[in-house]
Amino acid sequence: MWDSIKEFAADFFVTGDPLIYGADVSIALVSIAIVFVLTYFKKWKWLWREWLTTVDHKKIGIMYLIASLLMLFRGGVDAILMRMQLALPDVEFLQADHYNAIFTTHGTIMILFMAMPMMFALFNMVVPLQIGARDVAFPFLNALSFWMFLFGAMLLNISFVIGGSPDAGWLSYPPLSELSGSPGRGQDFYIWGIQISGIGSLATGINFIVTILKMRAPGMKLMKMPLFSWSVLSASITILFAFPILTVTLALLFLDRYFGAHFFTLDGGGMSMLYVNLIWMWGHPEVYIVVLPAFGIFSEIVATFSRKTVFGYNSMVFAMMVISVLSFFTWVHHFYTMGSSADVNAFFAITTMAISIPTGVKIFNWLFTMYRGRIKFDLPMLWTMGFIPCFLVGGATGVMLAVAPANFQYHNSYFLVAHFHQVLIGGVVFGYLAGIYYWWPKLFGFKLDEKRGRWGFWFWNIGFYLCFFPQYFLGLDGMTRRVYTYGWDRGWAALNFASTAGAFLMGVGFIFQVWQIAYSVRKGERDKTGDIWNGRTLEWSIPSPPPVYNFARVPQVQHVDDWWREKEDRENGIVRPQPELEPIHMPKNSGIPFIMSSFWFLIGFGFTFDWIWLVIIGFLGVFGSMYARSFTYDVDYYIPVDEIKKTEQKLRGATT
Amino acid sequence: MSQHSADNHSHDHGHGHHEEEAHGSIKSYTMGFILSLILTVIPMVIVFNDLMGRTGTLAVILITAVAQLFVQMWFFMHIRDEKGPRYNLMALSLGILLVITIIAGSVWIMSFNSYTQ
Ligand code: HEM
Ligand SMILES: [Cu+2]
Numbered sequence: 001m002w003d004s005i006k007e008f009a010a011d012f013f014v015t016g017d018p019l020i021y022g023a024d025v026s027i028a029l030v031s032i033a034i035v036f037v038l039t040y041f042k043k044w045k046w047l048w049r050e051w052l053t054t055v056d057h058k059k060i061g062i063m064y065l066i067a068s069l070l071m072l073f074r075g076g077v078d079a080i081l082m083r084m085q086l087a088l089p090d091v092e093f094l095q096a097d098h099y100n101a102i103f104t105t106h107g108t109i110m111i112l113f114m115a116m117p118m119m120f121a122l123f124n125m126v127v128p129l130q131i132g133a134r135d136v137a138f139p140f141l142n143a144l145s146f147w148m149f150l151f152g153a154m155l156l157n158i159s160f161v162i163g164g165s166p167d168a169g170w171l172s173y174p175p176l177s178e179l180s181g182s183p184g185r186g187q188d189f190y191i192w193g194i195q196i197s198g199i200g201s202l203a204t205g206i207n208f209i210v211t212i213l214k215m216r217a218p219g220m221k222l223m224k225m226p227l228f229s230w231s232v233l234s235a236s237i238t239i240l241f242a243f244p245i246l247t248v249t250l251a252l253l254f255l256d257r258y259f260g261a262h263f264f265t266l267d268g269g270g271m272s273m274l275y276v277n278l279i280w281m282w283g284h285p286e287v288y289i290v291v292l293p294a295f296g297i298f299s300e301i302v303a304t305f306s307r308k309t310v311f312g313y314n315s316m317v318f319a320m321m322v323i324s325v326l327s328f329f330t331w332v333h334h335f336y337t338m339g340s341s342a343d344v345n346a347f348f349a350i351t352t353m354a355i356s357i358p359t360g361v362k363i364f365n366w367l368f369t370m371y372r373g374r375i376k377f378d379l380p381m382l383w384t385m386g387f388i389p390c391f392l393v394g395g396a397t398g399v400m401l402a403v404a405p406a407n408f409q410y411h412n413s414y415f416l417v418a419h420f421h422q423v424l425i426g427g428v429v430f431g432y433l434a435g436i437y438y439w440w441p442k443l444f445g446f447k448l449d450e451k452r453g454r455w456g457f458w459f460w461n462i463g464f465y466l467c468f469f470p471q472y473f474l475g476l477d478g479m480t481r482r483v484y485t486y487g488w489d490r491g492w493a494a495l496n497f498a499s500t501a502g503a504f505l506m507g508v509g510f511i512f513q514v515w516q517i518a519y520s521v522r523k524g525e526r527d528k529t530g531d532i533w534n535g536r537t538l539e540w541s542i543p544s545p546p547p548v549y550n551f552a553r554v555p556q557v558q559h560v561d562d563w564w565r566e567k568e569d570r571e572n573g574i575v576r577p578q579p580e581l582e583p584i585h586m587p588k589n590s591g592i593p594f595i596m597s598s599f600w601f602l603i604g605f606g607f608t609f610d611w612i613w614l615v616i617i618g619f620l621g622v623f624g625s626m627y628a629r630s631f632t633y634d635v636d637y638y639i640p641v642d643e644i645k646k647t648e649q650k651l652r653g654a655t656t
Numbered sequence: 001m002s003q004h005s006a007d008n009h010s011h012d013h014g015h016g017h018h019e020e021e022a023h024g025s026i027k028s029y030t031m032g033f034i035l036s037l038i039l040t041v042i043p044m045v046i047v048f049n050d051l052m053g054r055t056g057t058l059a060v061i062l063i064t065a066v067a068q069l070f071v072q073m074w075f076f077m078h079i080r081d082e083k084g085p086r087y088n089l090m091a092l093s094l095g096i097l098l099v100i101t102i103i104a105g106s107v108w109i110m111s112f113n114s115y116t117q
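Sequence order for the protein chains is A and B.
The first sequence lines up with residues 1 to 656 when you count with full-length UniProt numbering.
The second sequence lines up with residues 1 to 117 when you count with full-length UniProt numbering.
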């Protein structure tokens, strides 16, 4: 009995590494603390009623934001661990297999569980407010997407203490990721974590396409829509077509591992390079999925802080739509070295360079918008200014990588690592941070503190260049990615040490930001007007934080930057007519998204550990949830006019 | 999943147009279902009983799969009866373009295998 328990535990828990035991202890302590606090303050009911069952896009956005910041922390700790190991030659801090596990989880988490949810946080926090809607098109599905993402992410996150981490790289190429190369459980955690959250991502894409196409306020023609909403539309279209490819590819890998199929194996007629081909058909569009919304954010911020309409609105829209389609035609640039024919490589080199044209157009448009504007350098604008040079260099090294013959030199070297971090951090992370600073006051009703924010900004930026510029030269000196150690004779010590120092500076920047949030919760400047930046688009026309129903009256839109024009009209004494209030139709909360997603978690866990009984329970639960939802008819309610009046009076302090 | 709230939502946004679109009849759904079943069973029978050579089998699988795609779009997804801006049609066209890219592109790219192996 005792022996079998011991055997089970040795298989179930990850053992043998003091770092992991440390993690075990801290996870246990934090969990106990959370349970204790919730029980002590009698908050369980509140948690369930206000958050776990909510279908309000604003709250879902906040939950995405919290989850993504936690994931940024986890991915960041992974990054620091790797940089510590590489700081000097012959460091004996991480073992080879532990290093493999860490870069795999770092990459997977940063892209799928940090960048994606932070993007969805911004979608949810902003889009309905910006287009004058009261929620997204499918509020229930929106909640389901969030919980699918969260449970999928949890599945991957527990792998390092239970069952073992995946360690075949963030895209898990076969044959290494096949049963022959990775017999452990980590690879299954990877597959199921991504599959489950992938369903959520796809559903979010669909949800926002429908929301934007069908739920804009009357008068807001597509060509009068704010550019952030346009960027969300283009990213969602790309999601719609790219994520199914990921799902199918990973499903085939699962069939190989679980049922002994031979899609990607070395034997039995399998073709492992086909996996690489397929996964990059998703992978390349994916990087544009995460960067397009950042472009949208910059467009809003540049216009607001230069106090001008954005330069070249039509070309901005056109550029984003072109990017979202072209992004499907460049995938081979990730494996030129596979040795396909020269024609193939030449074709994809050209498409890759073509996509930099619309991107360049956007950069010029931002610069022209700022030109002769009265620019104010608040935090959102500061991050935008940090983005432009950083993304420019990242784009230029990208074009260098796109040159197929030269790529054979840079491929999988630290040159590549530096390039993609430059676009991912300089483009995506800086962009989302700018967006968070910009819309934070709208969602929370107070501004984030400038002083601590500025410290954070400079630490991040200086740290960034110190960390990644040396890596270009390391790459040219022959250091390849995913090496866990190197000798003194290589001559890489100084550059690596500088790089690690830079990583620590970015860590300090992150700490400043956490401090900034904690400080501002108590002392941040309160937003009483709802329009703290003197904004241009509809979200700034309502109180901060907005009431559940967002708009007491559905706005009637006449122009691009409608709110700005309305403010100008008011100064000239023109007041737009206010229609009578009407009862507002709202969706009811539901516990089903949470419950159904937790059953998906059981399915993933069951497949990972080969516990078929658990898989069966999971599927029963999923179908039960779908059944229950299909026969729920009581899904909505009306907010009466009296209540709207009271709420508005309280929020605006005047009669409406 | 039925998204009740969605339809009603556009209503209180004053979009005005909410003529209920016809969502097919029991008859058309049954037809679609039976056709899909038939198109699935044909290749299965052929594969399980080794009725055809390699090329023939592959051809049948491909043809029945594509045929089923159209059956589903016709009977279940109501691709015909869309009004206003034809978003479904646009999405479908882009989808077909991308599917062709994926398949033709993969064949082109992966054909290097035939002369390296
Ligand atoms: C915060 C600062 C960051 C630092 C210091 C950092 C550092 C690193 C390091 C040391 C590696 C491993 C390189 C190797 O051994 O080959 C790596 C890989 C990677 N990082 Fe980061 N990273 C950071 C942020 C990010 C962000 C924000 C993203 C994405 C949004 C990201 C995505 C990736 C990916 C995809 C890989 C490749 C993983 C693999 O090889 O499978 N990183 N990073
Ligand atoms: Cu790419």
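These aren't lab readings, by the way, just hints derived from the structure by calculation.
Every value quoted in this text rests on a predicted model; they were computed, and no experiment measured them.
Positions of the beta carbon are idealized from the N, C-alpha and C atoms, including for glycine.
Where hints are given, some of them may not hold.
Claimed, not checked - Pulled a few chain B residues facing chain A out of the computed Cβ check, cut under 7 Å:
hint, residue
1, Tyr29
2, Phe33
3, Leu98
4, Ile102
5, Ser106
6, Ile109
7, Met110
Of all the hints given earlier, name the ones this structure violates by number, lowest first.
-> Numbers 1 and 2 - these are the hints that the structure violates, sorted from lowest upward.
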